[in-house]
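Respectively, the protein sequence lines represent chains Y and V.
All residue numbers for the first sequence refer to full-length UniProt numbering, where the first residue is 1 and numbers rise by one.
All residue numbers for the second sequence refer to full-length UniProt numbering, where the first residue is 1 and numbers rise by one.
Keep in mind the hints are simulated off the structure, nothing from the lab.
Treat the numbers as computed from the prediction; the structure is a model and nothing was measured.
Among the hints, a few may not be true.
Stated by the list, open to error - Here are the simulated BS3-like cross-link-like pairs (lysine-lysine), alpha carbons at most 30 Å apart as the crow flies:
no.: 1; chain 1: V; residue 1: Lys223; chain 2: V; residue 2: Lys93
no.: 2; chain 1: V; residue 1: Lys31; chain 2: V; residue 2: Lys171
no.: 3; chain 1: V; residue 1: Lys87; chain 2: Y; residue 2: Lys87
no.: 4; chain 1: Y; residue 1: Lys31; chain 2: V; residue 2: Lys87
no.: 5; chain 1: V; residue 1: Lys171; chain 2: Y; residue 2: Lys171
Protein chains: 2
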Amino acid sequence: MRLATLNDGTPDGRLVVVSPDANSCAAAPVKTLQEALERWDELLPQLRAIADFPDPLDMAQVTAPLPRAWQWLDGSVYASHGALMDKVIGVDKPPVDWPLMYQGVSSKFYGPTEDVVMADEALGIDFEGEFGVLTTRVPMGTTAQDAGAHIALVVQINDWSLRTLAGPEMKTGFGWVQAKPPCSMAPFAVTPDELGDGWEDFQPNMHLRVHWNGEQFGDAHGKAMGYGFDKLVAHAARTRELVAGTVIGSGTVSNENYREVGSSCIAERRGIEIVDEGAPRTEFMRFGDSVRMEARTTDGRTPFGAIEQRVVSL
Amino acid sequence: MRLATLNDGTPDGRLVVVSPDANSCAAAPVKTLQEALERWDELLPQLRAIADFPDPLDMAQVTAPLPRAWQWLDGSVYASHGALMDKVIGVDKPPVDWPLMYQGVSSKFYGPTEDVVMADEALGIDFEGEFGVLTTRVPMGTTAQDAGAHIALVVQINDWSLRTLAGPEMKTGFGWVQAKPPCSMAPFAVTPDELGDGWEDFQPNMHLRVHWNGEQFGDAHGKAMGYGFDKLVAHAARTRELVAGTVIGSGTVSNENYREVGSSCIAERRGIEIVDEGAPRTEFMRFGDSVRMEARTTDGRTPFGAIEQRVVSL
Chain Y
1 MRLATLNDGT
11 PDGRLVVVSP
21 DANSCAAAPV
31 KTLQEALERW
41 DELLPQLRAI
51 ADFPDPLDMA
61 QVTAPLPRAW
71 QWLDGSVYAS
81 HGALMDKVIG
91 VDKPPVDWPL
101 MYQGVSSKFY
111 GPTEDVVMAD
121 EALGIDFEGE
131 FGVLTTRVPM
141 GTTAQDAGAH
151 IALVVQINDW
161 SLRTLAGPEM
171 KTGFGWVQAK
181 PPCSMAPFAV
191 TPDELGDGWE
201 DFQPNMHLRV
211 HWNGEQFGDA
221 HGKAMGYGFD
231 KLVAHAARTR
241 ELVAGTVIGS
251 GTVSNENYRE
261 VGSSCIAERR
271 GIEIVDEGAP
281 RTEFMRFGDS
291 VRMEARTTDG
301 RTPFGAIEQR
311 VVSL
Chain V
1 MRLATLNDGT
11 PDGRLVVVSP
21 DANSCAAAPV
31 KTLQEALERW
41 DELLPQLRAI
51 ADFPDPLDMA
61 QVTAPLPRAW
71 QWLDGSVYAS
81 HGALMDKVIG
91 VDKPPVDWPL
101 MYQGVSSKFY
111 GPTEDVVMAD
121 EALGIDFEGE
131 FGVLTTRVPM
141 GTTAQDAGAH
151 IALVVQINDW
161 SLRTLAGPEM
171 KTGFGWVQAK
181 PPCSMAPFAV
191 TPDELGDGWE
201 DFQPNMHLRV
211 HWNGEQFGDA
221 HGKAMGYGFD
231 KLVAHAARTR
241 ELVAGTVIGS
251 GTVSNENYRE
261 VGSSCIAERR
271 GIEIVDEGAP
281 RTEFMRFGDS
291 VRMEARTTDG
301 RTPFGAIEQR
311 VVSL
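Same shape as in the complex, but just chain Y (with noise of 0.2 Å):
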């Protein structure tokens, strides 16, 4: 089953449940998808049982599925980033065996065709594909073993960044605030069931197809996390409840071989360079600039649909 939110001029939007051609969809029988996911367990039979979808899908008025959220937490579990983000920011972190998470904006989730706005071309603006889940109440001190069975849906995110900021924020320890902007979700939100052998071991089984201005930039495959999501959902839960509607992230999509398959954001390109090329050479965004994520299963089929947007001044 897949979710989506149309825009009707209210900060949450409408929740409509999705036909499998995704060409048209069906009223759910709760406005919004924060509502579904607060009475998930009595409602997911409900959502499921609709076959009819009467309305055309315009995909024009289709929002981010969570058009914002009470918490939003992004691990960073593909060690070929982060090993190539210190090398970019110029860091040597202490290697820890928990999964790397901090807390970013959840007051705004862009839509997928929604205008990006920047403050300032300075800032190394850049793109971070990755994927994340949306989850139902977690209570405080759920094991990983328990944690999977509270991951709702599963999303596709843009975890907009500015590299210029990143590394100063980032060596004062107290994570990132103006270096992590607000992020940006694909259109749909589906079940883990949908995603067939998309989904193992609570990890995406599935490529990450990124463009930049039209151009193939990276094609990493999703199946790389060093934790799980249902170990990412466990870390964020050992001190505080989730509230239902917490979205998790993976961290930016990457893989060992990213010499091959390309990069899903920009620093880590630039990562690559200096490692190759002593210094970087590709620059970060400009106003102006498009990006365009779409994953991939093995058999074709693009379950979250595309992010497609553009960079503006603000």
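Start from chain Y and add chain V according to the hints.
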């Protein structure tokens, strides 16, 4: 003017205007503080016009003024606190010319007398007494000069911390997730003008008296911020719009003469012990311990009321 939120069984509670003697209250013209902050310019005159307070104020029903928020960004701008914490944690942060700030969990703020649930006594349970502001919507790129006008209300906060986890998380550069469970808020949110000379240069000009298990632990003065709240709001809004109802914190209140005034968190006293005696002597909180925090103006008023609560086991 002082506002409070009463528990009515819903997540956001019911907003009331509090009488000058805090013995009674009047229903606000909107149901929640979140809604009031979204329509602040329009509603403020209506709220201020309320002069009859027909209902007794039952303090047992008072929750956090904002029981949940879309965003909580906590600064750390008391220099003596930062210097001591670096000693405790064993980090040597680069000096920066901006206010340190991290994003914390905002999906729940404990009420002033609510039991605080912690996962494990071994995690170094600590309180952190601080001040905060609640903002109206702040457009991206708002300057410090303009930011002050977006400060709607001042609040008093206990930023709960788990010290055993804080150092290791900080050293990754990602900031704190597990080390920062939800915060608590004192009963009343107060307009800056109501504070009189308790609010100067966008800083709280008053002492914050902290008691731990009935004994006075600290009485540091609020007006020692390296950056006032106007600058903190502007810092937070540099690359993102701040949604109405954003909570911005000062970080732990601390003074250079900490040996005389005491501390607003246990970790700081441990830092002093490390400096003075070579090792920390004061242990962190145990289940059943209580903390009381109450800010006091020069003329003896306690505008926010008191936080007084116990730590309990999950």
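Here is how each hint holds up against the structure:
no., hint, in the structure
1, V/Lys223 <-> V/Lys93, "24 Å, holds"
2, V/Lys31 <-> V/Lys171, "43 Å, violated"
3, V/Lys87 <-> Y/Lys87, "28 Å, holds"
4, Y/Lys31 <-> V/Lys87, "51 Å, violated"
5, V/Lys171 <-> Y/Lys171, "9 Å, holds"
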